[in-house]
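K.L.:
The primary structure of each chain is shown beneath.
2 protein chains.
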Amino acid sequence: MDNRYIEEIIELLRNGTTDEIRRGIMDYHPYEVSEALVEMSEAERAKFYSVFQGKDISAIMGYLDIEDLVLFFEEMKPRYIVNIIQDLDIDDAVDVMQALPEEDRAAYLKLMTQDNQSKIRSLLKYQEDTAGSIMTTEYIEIDMEDSVEQAMKKLIAQAVDAETISTLYVTDSKNVLVGTLSLREIILARKGQVIKDIMNARIISVPSTMDQEEVAAIFKDYDFTSLPVVDKLSRMLGIITIDDIVDVIDEEAVEDYSRLAAVSDVDIDSENETIWMSAKKRLPWLLVLSILGFATSTIIAQFETTLAAVPTIALFMPMILGMAGNTGTQALAVTVRGLNNNEFDSKNEIGRHLLRELGTGLLNGVIIGVILFAVTYGFLAISQNANAFSITQAVSLAIMVSLTVSTFAGALIPIVINSFKVDPAVASGPFVTMVVDILAISVYFTLATVLIINTL
Amino acid sequence: MDNRYIEEIIELLRNGTTDEIRRGIMDYHPYEVSEALVEMSEAERAKFYSVFQGKDISAIMGYLDIEDLVLFFEEMKPRYIVNIIQDLDIDDAVDVMQALPEEDRAAYLKLMTQDNQSKIRSLLKYQEDTAGSIMTTEYIEIDMEDSVEQAMKKLIAQAVDAETISTLYVTDSKNVLVGTLSLREIILARKGQVIKDIMNARIISVPSTMDQEEVAAIFKDYDFTSLPVVDKLSRMLGIITIDDIVDVIDEEAVEDYSRLAAVSDVDIDSENETIWMSAKKRLPWLLVLSILGFATSTIIAQFETTLAAVPTIALFMPMILGMAGNTGTQALAVTVRGLNNNEFDSKNEIGRHLLRELGTGLLNGVIIGVILFAVTYGFLAISQNANAFSITQAVSLAIMVSLTVSTFAGALIPIVINSFKVDPAVASGPFVTMVVDILAISVYFTLATVLIINTL
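Here the protein sequences come in this chain order: L and P.
Once you know that position 160 of the first sequence is 160 in the UniProt record's numbering, the rest is easy, because the numbers rise by one and skip nothing.
Once you know that position 434 of the second sequence is 434 in the UniProt record's numbering, the rest is easy, because the numbers rise by one and skip nothing.
Just so you know, nobody snuck in bad clues.
Where chains are identical, the list cannot tell them apart; a pair therefore holds if satisfied intra-copy or between any two copies.
As a list, the in silico DSSO-like pairs of lysine-lysine whose alpha-carbon atoms are at most 30 Å apart:
no.: 1; residue 1: Lys196; residue 2: Lys153
no.: 2; residue 1: Lys196; residue 2: Lys55
no.: 3; residue 1: Lys55; residue 2: Lys220
no.: 4; residue 1: Lys191; residue 2: Lys55
no.: 5; residue 1: Lys347; residue 2: Lys280
no.: 6; residue 1: Lys232; residue 2: Lys196
no.: 7; residue 1: Lys191; residue 2: Lys153
no.: 8; residue 1: Lys125; residue 2: Lys77
no.: 9; residue 1: Lys191; residue 2: Lys154
no.: 10; residue 1: Lys220; residue 2: Lys280
no.: 11; residue 1: Lys347; residue 2: Lys281
no.: 12; residue 1: Lys125; residue 2: Lys154
no.: 13; residue 1: Lys421; residue 2: Lys125
no.: 14; residue 1: Lys119; residue 2: Lys220
no.: 15; residue 1: Lys119; residue 2: Lys55
no.: 16; residue 1: Lys47; residue 2: Lys220
no.: 17; residue 1: Lys77; residue 2: Lys110
no.: 18; residue 1: Lys154; residue 2: Lys196
no.: 19; residue 1: Lys174; residue 2: Lys191
Simulated from the structure, these hints should not be mistaken for laboratory data.
The whole structure should be built from the sequences, with the hints applied where relevant.
P.N.:
Okay, structure coming up:
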């Protein structure tokens, strides 16, 4: 979509009367206004704050990246900030509070209504990236003994604040979740029926401690749009809605992509990202890999006499290393993805996967090896190289062996790392690179020494 | 979550009476039953089909991967298949039809009710991966002239089939979308009010031709849970719901991840994937890269005399190439991600990004280059290498230059490819690898020749 609306909104703010601004800007979607806010000058934002407050501004601020929102807070009075936070959806409010420096958080909490204070405090205690940290306490709760009419009344009473009204959560007198009822079902229900007779008693819920990645997987599998969160006694704590899950899925995907690219975070703030910021995201990997690089140097050093005798073998080093690295990364990516999708839960599945990867590596190794035999020989024959045939042998054999081993290593390493409860996406990359490089180099030079030097 | 339910369901099917099976299995979530179906033997599935039909079976089949579902169709009678398809959500039904061979599709269509035939035909005409292809025609439509009571009646009448009832779509007499109304709003509305007076007249809709990736971006930005699809005259065609968008987001993420890993698809069917299947997914890239590899061989060949004179320089080739390749991939990933998020829409933003990448490459190059100067010199000093100092100079200078250039190339290439309306995630990888390798090798050997040979 084009974003002409940004200019329109800023235009309106610059030249409109307070009244025109209010009416005009409220015609835009809050997300669009939030986009415009980021583009405004501080002076323009100041004017904006003077025109809007309460629910209106919260609806808009709810669409900002938390970093931006916290930045804008520095332009506002505490009271104004607290009102914004209080009017946000409770789960968003908690996210914002979490992003604030300790002292601000305490100060703002004091300024809030008792009710909001306790609500936010109770949610703040959940660990980051757990079900508890992304749930909301604004859901519709009815009693199993309610009649359809009573339930409807409760629904209407709670509808304004609730984050979703498509599902009603049914609890008993001890607040234990005993069932769910879709809005569709209650609308179609006959008057006088009692909730416990029409509710769905088979509930799928998650503990507040479950990792958000696992929660996201459940949403994807079951096609849920919301999911209840319960405590150890299966008492209702809150619900997670799909809009928050969409963010989780996105985060996790970007994380894996970043790891594979050896960057701490591929997402850049193209407006404000400095060179130093983006350099910092990449340096750690480069440092590790540059030092690992000397492992290969050390190995090659052992074969310097071979190199001196037949410098030609150096010509194919980059190609062999590149191919080995590629097959390693391919196997790594496939395996990491499989681990994330819980494809390898049993020893059995792991064994099958490793065997398949070994076979895949061997198959690709043979195919590429045969092709490269022809190409390499042609390449060397043209330049009338004396050792054309034996070098060609070394190259294609090295490809076959190192592709096989590299593929296997690329699959094995993440599985091993994962078994130590470390995220394989984070740790596997450099390991695979080093192992694969060392293997490929050793194989190639050993073969070269045996096949070429000994035939000189 | 553990999946004990799979064994439980199969157990039930093996040993239960028809009645026990029906009641027992309906206690599980359809998704869980669909998981069990995949694990069953053909005979067990046959028994399953004999027990269940109609809506029950469709609810279950709706959770299967389309590939599996089409596979199972071969075990069923056409009538049975058609009933399943007709009971699916209309958008899922269309997805299934699309996956069927032309002749089956025609045959099954004939067996459907007139109504379903025309519905499905009308949806089949939309191109894959467009808004039209993922929308459903099962939504709740009310008239702008309706009273709240009339609207409520329509709501209740359409509620059973509708995919979402949280939003009602308001049209005029010409079926033009003129507004939306949330279920929440209509529940809270006063009796007697007319819809056009309480509806939200500012609509955000998408054309049926919009790419699904773009649609997904809108869902993420605006936090929508559903979005209307209209034709050129903004007449209502259907709606897209977030559950389908979750799949799109997932698909796209996996696609980019696969491309970066140089695999056609990182997702494997761990149950049934054969070695040949997974080899095929990786071979194309390996073939391309192996041939590109000879580009580097050709360049090194130009420097064979240098190599012969000082074989030591070969020791650092892998490290330099590895580092250059890594920085190239880092810049590539960051840039592809930025392009997907429409971060670089203006010449201005592109320029800023390229400059930043150039700076990032230079900064990393200098830092790593300085560090490697020390390490390399130490490494060579230990082995009392005669040309320790000049080789060290060549290595660290080569690192500085090639890291700078590689980072820039990694950012520039996807932007250029994207400007040709080609998906940069697909095409950039091999290009970057080749360019980066050639640059790094040339720089290193030129420096080596100048700094070492000329000082011999």
